[in-house]
Amino acid sequence: MVKQVVQLRINGEDYEVAVEPYRTLLDCIRDDIGLTGTKKGCDLGDCGACTVLVEGKSVNSCLMLAVEAQGKDVTTIEGLAQNGNLHPLQEAFIQYGAVQCGYCTPGMILSAKALLDENPHPTELEVRQAIAGNLCRCTGYVKIVEAIMAVAGTG
Amino acid sequence: MAFSVVGKGLPRIDGASKVRGGAVFGADVKLPGMLIGVFLPSPHAHARIRHIDTYRAEGLPGVKGVVTAQDAPSLRYCTPAYGPSLCDRTFMARSKVRYFGEPVAAVAAVDEETAREALSLIAVEYEEIPAAFTIPDALLPDAPLVHEELLSYQGVGREARGNIYLQRSAARGDVSRGFTESDFVFEHTFATPMVHQSYVEPHAMVAAVDDAGRATVWTTTQAPFNIRSDLATILQMPLSQIRVVPLEVGGGFGGKLFTTLEPICLLLARKARRPVRMVMSREEEFLIARPRAAVTARLKTGVKRDGTLVAREGEFYFDTGAYQGAPVSFGVRFGLGPYRIPNAKADAYGVYTNKVSAGYFRAPGAPQVTFASESQMDIIARELGIDPWEVRWKNAWEEGDESVTGERMGRIGLKKTLEEVRRRGMWRADREVGRGRGLACGQWYTGGGATSACVTIYEDGTVGLLTGAIDITGSRTGLVQILAEELGVAPERIVVPVPDTDTIPWTGETSGSRITYGGGAAVLQAARDVKGQILGLVAEKLEVSAEDLELGGGRVYVKGSREKSLSLGEVALAAQGTKVGALLGWGVVGRLSPAPVFATQVAEVQVDAETGQVEVLKLGGAQDVGFAVNPLSVAGQMEGGMAQGMGYGIMEAMIFFRGKVENPNFADGKVPTAADVPSMATAIVEEPSDGPLGVRGVGEMPIVPTAAAIANAIHDAAGVRIRELPVTPERVVAAVKEKRG
Ligand code: FES
Ligand code: FES
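These protein sequence lines are chains A and B, in that order. Going by the working numbering, the first residue of the first sequence is number 984, and it counts up by one from there. Going by the working numbering, the first residue of the second sequence is number 52, and it counts up by one from there.
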């Protein structure tokens, strides 16, 4: 199939890649661009492991085509730390024990970031609803919610 | 004893790489020239394979290799490390398929689209044959046989007959007399479904073969050494020609203990002469990975009027699917509950059916049989009008009690966990309308598999720890804490590279919650070994006796005179110029005797009798962990386990129709989300074991009693007893209707 060239701005850097029109943004980020921090858990929009921010909004990148992201600003987990300093959510996830196997972690942190960017002081219920699309099989979510609430409290 | 590092809730040492997205999982490995491999799943649950034609697939441009069972020696294998060594398994279907989804052929191609297109070009001629889909089907006298040649398999037991491949039994006292002497006898049947571990990371691996024919397999696994030996057996390769590199495990829970697609992936790489990556899709996970076995349990229990257990008899049928792997012996070991029962008898059977092959899932076997046993304890308590807590308390094991399998209890913390749920107010009498509270106890054990560990000191004073133990629960952090404590260094000064099967001696798989226990012992041994070398060397240098030295803050001091000291880095450097050479400590610990583990949990639920909707409002658990090396991670394991137990209780089940999984995804095969899981309270009980620092295994225990606690709470709230998991709204509504008559 004929490939299409797309320009993407990922974590502030410009990329130009040729992709099949059916290529998902997830596969493009992981395999074409080589940023493997974004994870694939289902490829069906059910687990949230592939969550990235597109223009600041959280998106399941397995449900978005790479060509749909043409010209858009995309943030992946690799783009969260600034000048080598972890984002407060990243810090909090470590400190509160919100990371176990770590497979859900990148997507979880980005969903949390999208929430806090829009609603800096959410209730626990709002946090739980905001991450309800991100499955975590390890933690039971307790420490994840605690970590997010801690950042919200200080933000 | 005062500790400075162990016993503290240190954040995980792998946390930073994981929050940055830098941790390397199986699907992240990419090699030059790498191909993508996919397999062709069987479209039938039971059929003979007449013919496979791969000619057209091979001719498709972009296809670099096609394999079938014919590409490897014809043999049946088993993994002796996992219980009965009945060799009934082939790595791919050969002359017949025994379950829907069983791999029949595989393709490696330049990309996934091409590979999948090639699959559609493979022509397989099947002849469908009658199948046995359920335990009752499989036990009929004229049931179709899943393995016609079972009796000729290597390792088959004398008890094998029909579709029953394994039986395990134990007894003490005289159950029939016990039932006669009882005031009341209760008899019930319970059922639990097959359930997938639903780790978020699917199985993923890359295989490559170098010019000399040496193979390397990168894979997400809890058991790299078992994969290596399975590969050697299946492909008839010398063991030394295979290197298995374990990667981060994105959730295992027992689901990543077994060899899955690795032999196929390696065969493809060999044939294509290029590296091949295989990653299971979520649907394939449900088709061919190794879920928790379904169990049908019949329990008969005799009690005195005051609730004292007199006799208990259990029959447990494990549905293993198409190949052995269900944790049958654990049915016998844990099926009757952690109670003093003078007359006891347990029989467990492994039964073949034409379904995906079952395996291990967190505390294999225990959640199934505990649902039965603890539901019935609740029934007994309520029928006798005794508080459910009291019935457990009255019968709970104490030191000196013996299980049906003859295991004698040492110091155990079961009663302390019972006390704890009451003391913390998790178990209370007050109750609101429509709400209910349920209690359940559970038991598990700490496995004792072998571990190797190696500790070395770098010239800059950093401590390197190598261990073959795969970390799936944060055990690396715990081991670092143990090492830091012993050597008097800050945990940040310890690095823990993950070795592969070439670089560390044999280490057993990560199962049975054993790493901090057996692995901890190996690390302690290695630490003491290197410590001896350090002290010896410094004693010589400073001309003092080794007994006068102590370690702390990364230095070695002369006791009482803090000026006289050397840093660990200086010691390592000094060693290089002496006959010591390098500071290197080894610890190899063989099989340790298992340490029993207990927990008590309480669930609070709200039930809508009209819709059958169950909301779990609270979960609370008390668990004996022996000694909490890292309380933060212990609590994390308990919370995660209870959340999975809740899924098992009210949501999760693989639904089969004629052997085919009908809900092979997270949309239909639901697992709990942050919106479903309630707030959880955890209480740590510490009754030391005989193991290092007194630890007991932590990771598996918390899933064991949860489903029973929830079902008991539902009865408390709505007056209906659901004896089959999961407790779905439909089941509740049906039970409510039946009760109303
Ligand atoms: S991989 Fe995108 S939602 Fe699961
Ligand atoms: S930490 Fe393992 S899935 Fe969330």
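Please keep in mind that the hints were generated in silico from the structure rather than gathered at the bench. Note that this is a predicted model, so its numbers are computed, not measured. Treat the hints loosely; a few may be bogus.
Said to hold, decoys possible - Restricting the straight-line Cα-Cα distance to at most 30 Å, the calculated cross-link-like pairs of lysine-lysine (BS3-like) are: (1) B:K59 - B:K355; (2) B:K59 - B:K81; (3) B:K467 - B:K81; (4) A:K986 - B:K81; (5) B:K721 - B:K630; (6) B:K630 - B:K669; (7) B:K592 - B:K582; (8) B:K81 - A:K1055; (9) A:K1040 - B:K721.
Quick rundown of the hints versus the structure:
{"no.": "1", "hint": "B:K59 - B:K355", "verdict": "46 Å, violated"}
{"no.": "2", "hint": "B:K59 - B:K81", "verdict": "38 Å, violated"}
{"no.": "3", "hint": "B:K467 - B:K81", "verdict": "51 Å, violated"}
{"no.": "4", "hint": "A:K986 - B:K81", "verdict": "22 Å, holds"}
{"no.": "5", "hint": "B:K721 - B:K630", "verdict": "62 Å, violated"}
{"no.": "6", "hint": "B:K630 - B:K669", "verdict": "62 Å, violated"}
{"no.": "7", "hint": "B:K592 - B:K582", "verdict": "15 Å, holds"}
{"no.": "8", "hint": "B:K81 - A:K1055", "verdict": "27 Å, holds"}
{"no.": "9", "hint": "A:K1040 - B:K721", "verdict": "25 Å, holds"}
Hints 1, 2, 3, 5, 6 from the earlier list are contradicted by this structure; the remaining hints agree with it.
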